[in-house]
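A.B. asks: Single-letter residue listing:
2 protein chains.
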Amino acid sequence: MANITKKVSWSSRGDDSALTGEGTPLLNGTEIPKPSRQVSMSLDYDNIENQLFLEEERRMSHMGFRCLEISRWVICGLIGILTGLIACFIDIMVEKLAGYKYQVIKENIEKFTEVGGLSISLILWAVLNCAFVLVGGVMVAFFEPIAAGSGIPQIKCYLNGVKIPRVVRLKTLVVKVIGVICSVAGGLAVGKEGPMIHSGAVVAAGVSQGRSTSLKRDFKMFEYFRRDTEKRDFVSAGAAAGVSAAFGAPVGGVLFSLEEGASFWNQMLTWRIFFASMISTFTLNFFLSIYHGKPGDLSNPGLINFGRFESDSVAYYYYEIPLFMCMGALGGLLGALFNSLNYWLTIFRIRYVHRPCLQVIEALLVAAVTAAVSFTMIYFSNDCQPLGPEHNEEYPLQLFCADGEYNAMATAFFNTPERSVRSLFHNQPGSYNPLTLGLFTLTYFFLACWTYGLAVSAGVFIPSLLIGAAWGRLCGILLASFTPTSPIWADPGKYALIGAAAQLGGIVRMTLSLTVIMVEATGNVTYGLPIMLVLMIAKIVGDYFQEGLYDIHIKLQSVPFLHWEAPATSHWLTAREVMSSPVTCFNRIEKVGTIVDVLSNTSTNHNGFPVVVQPAKLCGLILRSQLIVLLKHKVFVELARSRLSQRKLQLKDFRDAYPRFPPIQSIHVSQDERECMMDLTEFMNPTPYTVPQDTSLPRVFKLFRALGLRHLVVADDVNRVIGLVTRKDLARYHLGKHGLEELQLAQT
Amino acid sequence: MANITKKVSWSSRGDDSALTGEGTPLLNGTEIPKPSRQVSMSLDYDNIENQLFLEEERRMSHMGFRCLEISRWVICGLIGILTGLIACFIDIMVEKLAGYKYQVIKENIEKFTEVGGLSISLILWAVLNCAFVLVGGVMVAFFEPIAAGSGIPQIKCYLNGVKIPRVVRLKTLVVKVIGVICSVAGGLAVGKEGPMIHSGAVVAAGVSQGRSTSLKRDFKMFEYFRRDTEKRDFVSAGAAAGVSAAFGAPVGGVLFSLEEGASFWNQMLTWRIFFASMISTFTLNFFLSIYHGKPGDLSNPGLINFGRFESDSVAYYYYEIPLFMCMGALGGLLGALFNSLNYWLTIFRIRYVHRPCLQVIEALLVAAVTAAVSFTMIYFSNDCQPLGPEHNEEYPLQLFCADGEYNAMATAFFNTPERSVRSLFHNQPGSYNPLTLGLFTLTYFFLACWTYGLAVSAGVFIPSLLIGAAWGRLCGILLASFTPTSPIWADPGKYALIGAAAQLGGIVRMTLSLTVIMVEATGNVTYGLPIMLVLMIAKIVGDYFQEGLYDIHIKLQSVPFLHWEAPATSHWLTAREVMSSPVTCFNRIEKVGTIVDVLSNTSTNHNGFPVVVQPAKLCGLILRSQLIVLLKHKVFVELARSRLSQRKLQLKDFRDAYPRFPPIQSIHVSQDERECMMDLTEFMNPTPYTVPQDTSLPRVFKLFRALGLRHLVVADDVNRVIGLVTRKDLARYHLGKHGLEELQLAQT
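Top to bottom, those sequences are chains F and L.
Okay, so the first sequence: first residue is 1 according to UniProt numbering, each after it adds one.
Okay, so the second sequence: first residue is 1 according to UniProt numbering, each after it adds one.
Do not take every clue at face value.
In this list, chains with the same sequence are indistinguishable; a pair is considered to hold if it fits within one copy or across any two.
The calculated EDC-like cross-link candidates involving lysine to aspartate or glutamate, where the alpha carbons are at most 16 Å apart (straight line), are [to be verified]: (1) Lys652 to Glu57; (2) Lys171 to Glu675; (3) Lys634 to Glu675; (4) Lys591 to Asp716; (5) Lys106 to Asp716; (6) Lys617 to Glu57; (7) Lys216 to Asp597; (8) Lys617 to Asp716; (9) Lys702 to Glu49; (10) Lys617 to Asp717; (11) Lys617 to Asp597.
Calculated directly from the structure, the hints in this document are not laboratory data.
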């Protein structure tokens, strides 16, 4: 029966909650120092329903609900507009700054090409890059470390129900936006698309609460939405709006949100998410079209625009599908390699590069090396291409080429990555020679791998696409050279597209949403099937060797992330084996001193407590946060004189405190007050979900996923509390290569 | 507190189940005779988990689960291929038959135009139409009435968890396919797209079970999937494949399935559904491209192809958006009118046209009238258009036009509806004059309204699109005529598109999936926002007056359909008020006679029974179907000598009986056997979900929706059974215009 093959002991059978020390999670048998500031917290989607809440709901009229519904739509519209504006701002800033930079360097190079002394150009390039990266790196490393990277793992966690602190704050947004502008303008091998998803999520979390705690402004709006369930729904909409703005893919955005976040599909919610996505693309397009001097031209969706693949000119044939599938496998392999390298690099960073100044120095080093490598590649390349009349290079570098020609390597390196991707997709056959592409793939692969995880705001989507497009185009060229007479493989652009999909799929392992994003970004439905097959194969091959990049980073933070289904072979586990036991319970009328002691006790860092009537019979569930608000407002009943609480607490008090509940240490309770009693009846959830102790793990898991639970009380056959299953209890079980494994999660 | 405004008594607080008589449901205060053969049954997505099942799961290895997973993919691939082939078959047959018909009539008309005597042509046309419709009508009315209509309401019910008998049988599929070919070739105002969804679902239900009960063949494959949960998942995939084949919209198909069916979003399932959709479009394209003599050209997705809207040539400007929104409102109004008319017509039909021969006669009448009206319209139209060099009319009718011209009315009427839609979208400006379009809209509106609900297989998508495209194009022409100098409104094609979306949205009230389907079918992402806005407005306006067409038809069948969320103002209702009580319970070891009596008793037509140990303490839940299998196999324990059951029942026995469990009447139990005992321990679900009696209705509802429950036991604080909430108990509550209403559902 006991087919757990690897069982690592865990020190605290703690809850899904609260404060963490410097843990030492074990992953793949390697001990990793815990990254600092990893205070994760679960979100609560269920246990809000107490008497106060029910009373409010019951008082609310039909019209009241309709007003709420309209507010939700208004908020989603606002989310879309703001996200679109942010995308627009980032796009214009990057274009301006990068344009300025490339212009300066281009002039400098042109000046020195003839007279010699190109090393000065190299230094200029490196210095400019470093200057940008310095600004971005300092902001991230010193002010808001959570803004580093693409933010997608953090948003995935948030939507899954694990809240990483400060992830949806205004400060994070500001740092993220400036950071991403700096890193893209600084010439790093990064994209600005991933951070858009994070930005959208922050916008959503802010707008939906009708206040900003950072700015200390409360607009007294949308107070109803100040709770985890509602906020999560809006954050999904924000993430979708972000994807939509980044890729011009509103449907892809919706699917991304659903793939990552939805446990319970709700039609109206999905429809609102779609609305936010649509508005976001529309806003971005509207303002960009004005900026580009073509107001009203709304046909240019997204920050990255792959350019349209016309089905007439770039058709594929069904016998090419096996070739595409081989490329998918290759993408999976390269993706797994990328992820493994990045995994070891990240562990190295956690261990040795955890001080902010070191992080900034590393970022500067990467910026300088990127400039140097790019320059070297361009310098030694002798791939000269004629500058055609319809060339669309923005900064064609002539360098050592003849007049009327330009350096092809420079189109790949001397450009923002977005433009390079588009060139690889759409430049005419013959624009690149195979050696250029091979060298470019090689260098860019390692640069991108080194860059991801730096203390800068940056996404991995575009670099992945770029690497894939490069080797994909290379494949196309090679295939064409084998059969020089056949016109079928004449256009290497489609191979670039397939390669890009394969590489991206191999790295991030997204499936459905990525297919739709790619289809929307290429504006061509016919490529749907090959892209889907390629992503599928890339995922299968990649998963064999290594997890997806985001999953790796989530795992390294050892958060209790719940996957879609319980591990397949976990049917023999029951709630009894999984639950935490014994559980700290409170009486319905409990002594204040007891409550304070339990909450202060760091060994019982639970977030939810069953409420019982003697003898141990379950009558409700109350949350740590609720108890803290109660203590703060001193809702005590004096001994002997019951039913004389000092003031009546309202739902508003809980909402005002949301989401930054003070720690228990900050609440002073006098010795007299400790002797008072607290009546929890009104504040607890009177009907928590329970399961009998024989319930199988998949059944418990399904309940958690489908209802967004955080705590599930295990009761015996006379309804006495015998245990509590938390999110972390479930997240421990994991299907490894050799069957069911039990992971140790940090004592968070 | 009691704010139920309308409470209609219901005669039997029955279960979500079993046999029905000729009920008299009250809807909108009107008494409607119950349509015959409306034996609806709930599907069970949860209570399968008994000891036998758990044992099997526990025995199964990691590899076993992987094999299952691979089988699921294989099945989805098969579903895609078969659905694609069926779509291909329908398409080719319709094209052949309709082509033949129009050719004959065209020749006949041409012959008689000059010599006079066009009434002969009219008769020929009417006779040909009637001949086709006769075949289709007889098949449907006499052999399989469930194959009538588009099948979408039935599939919606199935995915929602209500099974309408015979809806996924092979016979239904055959009748559906032949029926739809006949009705489209017969010139009715119908489409072949809706039935594709039903066909896909039937294919899925068949393939996934690895056997055909109709053909009495058991391939001994996929036995694991012989249960409601798994079958439902495959049926979603089938429906998606159907949408995908019909509209060339794989993503739209996935979203359709999710919108209608998913309560619990599962990533792998969605991904498989997407796979089935992709394969289905691909198969259809592959074979159609071969049929059309252009093998390998895969760029022509779907049965209906709206033709590509090039963003360059058919751009819209943002100041057109308010106009689009007005059209959306108009679509909503017209849709509500359509639905109201159809509602009254359907009630009329249920009351007076319920005999098969009458149904066939009505269908013939409609066919003849359609031919007559079309002919009259063409005859009296004097809208002659020059026959350009690039004209794409397949059957241009010259009639009384000058040489080199053709009758424009004939392009709309004398054609399959799919082609007419495309002509309205893409013909050059000036191809139609406003009067033609106005008359066409008017007549086609009433024809389509009359046709929907006939005893023929037919969809309402295409007629709706056609009506909308006609008045949309009319709007475009009128707008252009107001501002003759402005080139903006030069192309009425985009207005036709918007009108089509508005009309379809106003009738069916689908939202997200319809947007995506329209976007995919037009191949243009930029129209996403306007289409979405239009659909939204159409839905809001339409909902104000009347429900969606499918919802009307679902409601008329009075099935316990669960919507997405509990009615907003239902927080004051608790499980205690909602539940059925008292409940018939069984003891864990129960007398056979008692079981037989309970099952035979028509007044307790429950489908699930709590199992208790004395005194009334809940220990499990067992289903009617399981009891029937147990009785059939006579798994009895003789009195006095316990633990001596004649044979050990296995999971296989339950699977073999699935899904057509015999009625209790067919099982003979002798008087001796009645005295035996039955031990239910192994067969019951030992851990059914329970709720306390104070749980609010929204909470109960959420549990039902999220977990796909059918029975929920209400237990008191010592775990004694005090009631049972069934799907029907929840479906009764309904948010009307004046607050919460309690509907009467038929005694099904």
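A.B. asks: Each hint needs a verdict: does it hold in this structure or not?
C.D. replies: Here is how each hint holds up against the structure:
With identical chains, the CA atoms of lysine 652 and glutamate 57 are at most 16 Å apart within one copy only, with a shortest distance of 13 Å there and 48 Å across copies. In this homomeric assembly, lysine 171 and glutamate 675 never come within 16 Å of each other (Cα to Cα): the closest approach is 42 Å inside a single copy and 76 Å across copies. In the homo-oligomer, the alpha carbons of lysine 634 and glutamate 675 lie at most 16 Å apart inside one protomer (12 Å), although the nearest pairing across protomers, at 65 Å, exceeds that limit. Neither within a single protomer nor between protomers do lysine 591 and aspartate 716 lie at most 16 Å apart by alpha-carbon distance, with minima of 26 Å and 28 Å respectively.
When the C-alpha separation of lysine 106 and aspartate 716 is checked against a cutoff of 16 Å, the pair qualifies neither within a copy, at 76 Å, nor between copies, at 79 Å. When the C-alpha separation of lysine 617 and glutamate 57 is checked against a cutoff of 16 Å, the pair qualifies neither within a copy, at 28 Å, nor between copies, at 33 Å. In this assembly of identical chains, the alpha carbons of lysine 216 and aspartate 597 never lie at most 16 Å apart, being 32 Å within a copy and 69 Å across copies at closest. In this assembly of identical chains, lysine 617 and aspartate 716 lie within 16 Å of each other by CA distance both inside one copy and across copies; the values are 10 Å within and 12 Å between.
Taking CA atoms no more than 16 Å apart as the test, lysine 702 paired with glutamate 49 passes between copies only; the shortest distance there is 13 Å, against 21 Å inside one copy. For the identical chains of this complex, lysine 617 and aspartate 717 are neighbours both inside a copy (11 Å) and across copies (8 Å), given an alpha-carbon limit of 16 Å. For the identical chains of this complex, lysine 617 and aspartate 597 are neighbours neither inside a copy (22 Å) nor across copies (37 Å), given an alpha-carbon limit of 16 Å.
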